[in-house]
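There are 2 protein chains.
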Amino acid sequence: MIPVIDDIRAAAERIKGIAVRTPLLRNDALDEATGAKLWVKAECLQRGGAFKMRGATNAIAALAPEVRERGVIAFSSGNHAIAVSTAAKIFGISAVIVMPADAPKIKLDTTRANGAEVVTYDRVNESREAIGKQLAEERGLSLIKPFDDANVIAGQGTVGLEIGEEIAPDIAIVPASGGGLCSGVSIALPNARIIACEPQGHDDIARSFVSGKRERNAPGIRSICDGLLTEEMGDITYAVARQRWERVAVMSDDAVRRAMKFAFQRLKIVLEPSGAIGLAAALEGGLDLRSKTVAIVASGGNVDAETFTKALAS
Amino acid sequence: MIPVIDDIRAAAERIKGIAVRTPLLRNDALDEATGAKLWVKAECLQRGGAFKMRGATNAIAALAPEVRERGVIAFSSGNHAIAVSTAAKIFGISAVIVMPADAPKIKLDTTRANGAEVVTYDRVNESREAIGKQLAEERGLSLIKPFDDANVIAGQGTVGLEIGEEIAPDIAIVPASGGGLCSGVSIALPNARIIACEPQGHDDIARSFVSGKRERNAPGIRSICDGLLTEEMGDITYAVARQRWERVAVMSDDAVRRAMKFAFQRLKIVLEPSGAIGLAAALEGGLDLRSKTVAIVASGGNVDAETFTKALAS
Numbered sequence: 001m002i003p004v005i006d007d008i009r010a011a012a013e014r015i016k017g018i019a020v021r022t023p024l025l026r027n028d029a030l031d032e033a034t035g036a037k038l039w040v041k042a043e044c045l046q047r048g049g050a051f052k053m054r055g056a057t058n059a060i061a062a063l064a065p066e067v068r069e070r071g072v073i074a075f076s077s078g079n080h081a082i083a084v085s086t087a088a089k090i091f092g093i094s095a096v097i098v099m100p101a102d103a104p105k106i107k108l109d110t111t112r113a114n115g116a117e118v119v120t121y122d123r124v125n126e127s128r129e130a131i132g133k134q135l136a137e138e139r140g141l142s143l144i145k146p147f148d149d150a151n152v153i154a155g156q157g158t159v160g161l162e163i164g165e166e167i168a169p170d171i172a173i174v175p176a177s178g179g180g181l182c183s184g185v186s187i188a189l190p191n192a193r194i195i196a197c198e199p200q201g202h203d204d205i206a207r208s209f210v211s212g213k214r215e216r217n218a219p220g221i222r223s224i225c226d227g228l229l230t231e232e233m234g235d236i237t238y239a240v241a242r243q244r245w246e247r248v249a250v251m252s253d254d255a256v257r258r259a260m261k262f263a264f265q266r267l268k269i270v271l272e273p274s275g276a277i278g279l280a281a282a283l284e285g286g287l288d289l290r291s292k293t294v295a296i297v298a299s300g301g302n303v304d305a306e307t308f309t310k311a312l313a314s
Numbered sequence: 001m002i003p004v005i006d007d008i009r010a011a012a013e014r015i016k017g018i019a020v021r022t023p024l025l026r027n028d029a030l031d032e033a034t035g036a037k038l039w040v041k042a043e044c045l046q047r048g049g050a051f052k053m054r055g056a057t058n059a060i061a062a063l064a065p066e067v068r069e070r071g072v073i074a075f076s077s078g079n080h081a082i083a084v085s086t087a088a089k090i091f092g093i094s095a096v097i098v099m100p101a102d103a104p105k106i107k108l109d110t111t112r113a114n115g116a117e118v119v120t121y122d123r124v125n126e127s128r129e130a131i132g133k134q135l136a137e138e139r140g141l142s143l144i145k146p147f148d149d150a151n152v153i154a155g156q157g158t159v160g161l162e163i164g165e166e167i168a169p170d171i172a173i174v175p176a177s178g179g180g181l182c183s184g185v186s187i188a189l190p191n192a193r194i195i196a197c198e199p200q201g202h203d204d205i206a207r208s209f210v211s212g213k214r215e216r217n218a219p220g221i222r223s224i225c226d227g228l229l230t231e232e233m234g235d236i237t238y239a240v241a242r243q244r245w246e247r248v249a250v251m252s253d254d255a256v257r258r259a260m261k262f263a264f265q266r267l268k269i270v271l272e273p274s275g276a277i278g279l280a281a282a283l284e285g286g287l288d289l290r291s292k293t294v295a296i297v298a299s300g301g302n303v304d305a306e307t308f309t310k311a312l313a314s
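Each protein sequence line maps, in turn, to chains A and B.
Be aware that the first sequence starts at 1, since it is given in our numbering, and climbs by one per residue.
Be aware that the second sequence starts at 1, since it is given in our numbering, and climbs by one per residue.
Please keep in mind that the hints were generated in silico from the structure rather than gathered at the bench.
There may be inaccurate statements among the hints.
If several chains are the same, the list does not tell them apart, and a pair holds so long as it fits within one copy or across any two.
What the hints assert, rightly or not - When the alpha-carbon atoms are kept at most 16 angstroms apart in a straight line, the in silico EDC-like pairs for lysine to aspartate or glutamate are as follows: (1) K89 to D28; (2) K89 to E32; (3) K310 to E215; (4) K310 to D253.
Let's have the full structure, built from the sequences with the hints guiding it.
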């Protein structure tokens, strides 16, 4: 079921005091480069380093207490893992996280440091959905889906709610893969034109917009944007995308690296590749943003030193 | 003349809409590492990338219009240069900035990009104060002092005012060199114990606290903290220091690099060395912060990729 704005308002109440209200940053150089009035929603400064904390917290808070006590399970390439393990720790319940074996080390380490049990799988040959489902059934755990869930989408939508409380954007530029964040933001900002961003080579959403049916990515395709490698959108998020998203900006790894460097030099924030893709789209995506009020969601900052250093050298 | 808290409130009104209100960040790992409830005032997210924008804007705004129109001059190792040139650009007046020839390239470039005329000097053999004074007299420019000025101190004090509007810190940890920021913050937070931080080898304030008289640094001493290399405190700031600052934490370059890395990994903000010294003091300064509410001023983020990369490798 597609959440409505009141679900997002309810989520905002539930996550208060757990997730933080992140700042909306302005920068002169960014405005000069684009001719727009740009605002960057710095979700890298969110607890856990990414927006995912919002959806995970809302989904866990919405469970019946006796169900919640049995623990939760999640499958994730990284930030959802950190978010669910952090939220589980706060609620004092156990968490099992199914993660790809090649997930960034910082994300594996952080999830374990939160006290979660990490189960790894092979991203190319195994299905995380199948592994997650089986473990959930065996142990009586509640599956906290990464995106295709009304409570998760409503939680991520609080990003848009906070943006709308401070500015009235003409355009919102949002990273998308599973589509939970972009769906939530588009529901929270009904008057904004929505531009979704995805990595080159992993552009199922752009292809879906062309073909008119839900496309998927071949498993195993890599991109620097490790947080945007979902195989396909969910039922709910695809429905929202068709209703609300105007277009998709497909960005190269190099453009994303330059955006990470821009964020370092000008905004003074640390963005992971997936978190910088919206900034890359604003700077190099060929979008006409002139004279518009634009919100860019910088979705996270969980990047290892090696990847970041390489971006700074670009 | 030492400014009072009403001067800081007046400064807050003057700089509104020019300087931004920066967020106060919390982090679980930081609290766990110190046993305190720590808040980081992220002045790296300030316009121009450092707190200096506050004092420069307040000082320029306080000039009589007919005086302001003739232009301003400043001498600075970097962030004050960027701040004065940015504020001058906003007020539509000309600015001459006297900078050491070995200032970080990013700071020289940014100052020039703001339209200021940059005059370089030799940090070891020349006095920036003398050069600045001569140019000011020749061209009828108003000298915007970097720290020893009531309007500048009041402007920097708005950092403390904003902290005090959100939390009631037992302790404030603040970088100090000329002492403008630390003086302003200590006046704005009359109930907080003030810990000033300065770099090893450039510890004139710590030595002043021991000797009971204002000490100075031999010219030419280097530190990674390029923003904290003032030769000695000013008359006003030294008077405030004696009245209000409780102690001085002297930190090594290596501790500062580790704090920069911590800020990257955990807080997801970019800190220049001088901006990270307060975090270094909280993490490695041997301070007993247990169970205290502590505000750390992270004063700026204008660091080049090479220095930052080296910190990440530490």
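**Q.** In rising order, the numbers of the hints this structure does not comply with
**A.** 3
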